[in-house]
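Dock chain D against the given chain B, drawing on the hints supplied.
These protein sequence lines are chains B and D, in that order. Take the first sequence: its letters are residues 52 to 379, numbered as in the numbering used here. Take the second sequence: its letters are residues 52 to 379, numbered as in the numbering used here.
Treat the hints with care, as some may be off.
Just so you know, same-sequence chains aren't split out, so a pair can sit in one copy or run between any two.
Straight-line Cα separation of at most 30 angstroms, DSBU-like style, residue types lysine-lysine; simulated pairs [said to hold, decoys possible]:
# : residue 1 : residue 2
1 : 306       : 238
2 : 346       : 332
3 : 201       : 320
4 : 201       : 151
Honestly, the hints are just simulated from the structure, not real lab data.
These are the residues of each chain, in order.
There are 2 protein chains.
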Amino acid sequence: MQTTTRERLISLLSDSDDYISGQKLSEIIGCSRTAVWKHIEELRKEGYVVEAVQKRGYRITVRPNNLHPGEIKNHLNTEKIGQVVHFENTVTSTQEIAHKHALNGAEEGTIIIADEQTVGRGRLGRAWHSPKGSGVWMSIILRPNIPPQKAPQLTLLAAVSVVQGIEEVTGLSAQIKWPNDILIDGKKVVGILTELQAEADRVNSVIIGIGINVNTPKEAFPKDIETIATSLKVEKGEEIERAYLVRAIMEKMEKLYHIYLEHGFAPIKLMWESSAASLGKRVRVRTITGELYGKAQGITEEGVLLVEDDEGTVHRVYSADIELPQKS
Amino acid sequence: MQTTTRERLISLLSDSDDYISGQKLSEIIGCSRTAVWKHIEELRKEGYVVEAVQKRGYRITVRPNNLHPGEIKNHLNTEKIGQVVHFENTVTSTQEIAHKHALNGAEEGTIIIADEQTVGRGRLGRAWHSPKGSGVWMSIILRPNIPPQKAPQLTLLAAVSVVQGIEEVTGLSAQIKWPNDILIDGKKVVGILTELQAEADRVNSVIIGIGINVNTPKEAFPKDIETIATSLKVEKGEEIERAYLVRAIMEKMEKLYHIYLEHGFAPIKLMWESSAASLGKRVRVRTITGELYGKAQGITEEGVLLVEDDEGTVHRVYSADIELPQKS
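Isolated chain B, as found in the complex (with noise of 0.2 angstroms):
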């Protein structure tokens, strides 16, 4: 566990509702008090308001809505997941930056966040809209022991892990679609892309991309896709602290990956099938070669989606894009 003298003052100032004497500060970091003021400065400029009373001290009273390590690492209850953080203000995407890392050794549950994305990016190379301050973009990277073929169960398993973590922060209820969309009322509020390093025959490194629309407002989203996509903050009428709500994927996404590497992939399929948008419901599915019309009967052990044709077929559909009936 890696901890800077700058997260180390978030969590001290955060945990205290007095104030607290640059002396002690000092000495509890174990920096000048010199440095402690330096870094209190730094902290201004990132939009914390830091009062500064003569003999008592230094309190925060207003924290920005950032993805600060400090901020994020602060209480985060997991052995592994967000451990380390590398933060960005701006960066081309996560997942470019999380394979570089992966590549160089990096833990197992380091994570890559932004504040913006240049060029963020989803399945099958499409772009992913990130723009600055509103969202959460971030890649995680995990070393399970498995083969490749087993990866789509993570993508599953973070879906479930998002889905948890934005119930626990909001109140809202999501649901997945097969396989890495989750939606709130329809509308698209979560992607997650998984990328793999491996050997032909067992996984280095597995990278899952989560890129979900916090605070945008309505009006902030792109004309061709205003109709499909929404935010935390349009559904729940209240923007949404983002470290918070990081934080508690990351708890969500640890036991899980827990129960995942003891029991296999089973207990995960329970949950995330309870979390389906799709299951037991007519859906248009379009694959490379062509489109199919059927039933989405559920998801294998690897996490294929079975569907159901008009004929009583039964097709696994590895990749694919799915559409679920219209609302009417």
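Just chain D now, with coordinates in the frame of chain B:
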């Protein structure tokens, strides 16, 4: 196709039995006579003997046994594989470098090749002995549109290419030991390591690492592998030109890869089986979970090994080390 001045120079001088004047070289290549002269000086430093005769010009009389891109690409009869060559004298591992090139969008068919690897690696994170100047240590980037579970097929395709290339250049007959070794007379001469960058349901790039003991003298093998490893030179009794071997393998691989993309794995499977060392024999199979003895029956369409135990049960083996029966 990227062709450097140096590559052009090697190609021109190689194709001519006669001298070529500096003037003519500079006209064909499109650079100054001084530049030609400087490049020739560089070639000499690399071990080429270049005769220079006044009023006649230059001629290569001795070529070093090197892996210069100019040597590899000279008369290379492929469209993609090997048309972009990144050569380095010393690298940690060509796989590591190929991964970075692949992330940065390297073209299909790009190869990374080195004269020496300091941290060459094999399957399951094992080390691969890659001494300077005596082997072929290379990685090839392919971008087939396949799901990750089909990637083992490309290990088998690469193995067939290498067997065919070795046969063309040396006349030696090699056998493939599932999944990724090539043997001559029961001793290992080539290892193949297939790695992926992929989405959960689609491969972005397959990086095929091929390590060949080419001119390693018998006494140069470390003690712990001298009884199980050999080199082409040891088996053939003469030095092998490495660039020629690489070229032959690239050409075989490109042909097989075209067949694979057009007709799928079935024709490759047939060729693989005809070179397989283990099929029909009793083998010992060591997996992560345990051991198994039985008869190697064949491989499936996905490249999975089928082993029938003494009770007649057929096991599907995804990842394992195979021991062949000792010669009697």
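Evaluated hints:
1. In this homomeric assembly, residue 306 and residue 238 come within 30 angstroms of each other (Cα to Cα) only inside a single copy, at 27 angstroms, whereas the closest approach across copies is 47 angstroms.
2. Taking the shortest alpha-carbon separations for residue 346 and residue 332, only the intra-copy value of 5 angstroms comes in at or below 30 angstroms, while the best inter-copy value is 47 angstroms.
3. Taking the shortest Cα distances, residue 201 and residue 320 sit within 30 angstroms of each other both inside one copy (13 angstroms) and across copies (24 angstroms).
4. In this assembly of identical chains, residue 201 and residue 151 lie within 30 angstroms of each other by CA distance both inside one copy and across copies; the values are 22 angstroms within and 24 angstroms between.
In this structure, every one of the numbered hints holds.
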